[in-house]
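Undergrad: All chains should be built: construct the whole structure from the sequences, respecting the hints.
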Amino acid sequence: MTADLSIGQVSERTGLSVHALRFYEREGILAEPVRRETNGRRVYSEDDVDWLEMCIKFRSSGMPLETIRKYTELIRQGPGNEQARLDLLRSHQEHVAAQIEELTECLRVITYKVDIYTDHLNRGTADTLWVGPSTNANSCEESA
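First residue of the sequence shown: 11, per my numbering; consecutive thereafter.
In short, the hints are calculated from the structure, not lab data. Just so it is clear, CB atoms sit at the ideal spot from N, CA and C, and this is done for glycine as well. Incorrect hints may appear among the rest.
[To be verified] Label-pair ranges, simulated between beta-carbon atoms:
1. GLN87 / GLY18: 49 to 57 angstroms
2. ASP60 / ALA94: 18 to 26 angstroms
3. LYS123 / VAL53: 50 to 58 angstroms
TA: Here it is in structure tokens:
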């Protein structure tokens, strides 16, 4: 039996605000309806926390709420739509892989620039890095 968790406890565990948790509930992002105590307070389970943590990763990776909602709806429908779930996840996987490639290229450029600055600082020529192209005869590699 899993322990019942309050909205505050779930907020603390997931890093989502209470407002965000209520929003996720309203938007149909939770796999199971949130249970309520007799006084109306929300009661969450460990499964809810696990689901929310997965949704947080989806959001952090750029998955739109609409896509998370669609995935959630497929889960709620139960067996028989596994291919649709896989297609949705593969599509997002490809999107994330493309983001990683782009960020890797960005990191390459930044690392290149860091190396240039490090070299110039070590040689004592860093004062030439911010000189505009019209007054600096150095190559592109040496300009800021």
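Undergrad: Against this structure, judge whether each hint is valid.
TA: Taking the hints in turn, this is what the structure says about them:
1. The beta-carbon spacing between GLN87 and GLY18, approximately 31 angstroms, falls outside the hinted interval of 49 to 57 angstroms.
2. The supplied range of 18 to 26 angstroms is met by ASP60 and ALA94, whose beta-carbon atoms lie about 22 angstroms from each other.
3. Hint check: LYS123 to VAL53, Cβ distance near 52 angstroms, so the stated range 50 to 58 angstroms holds.
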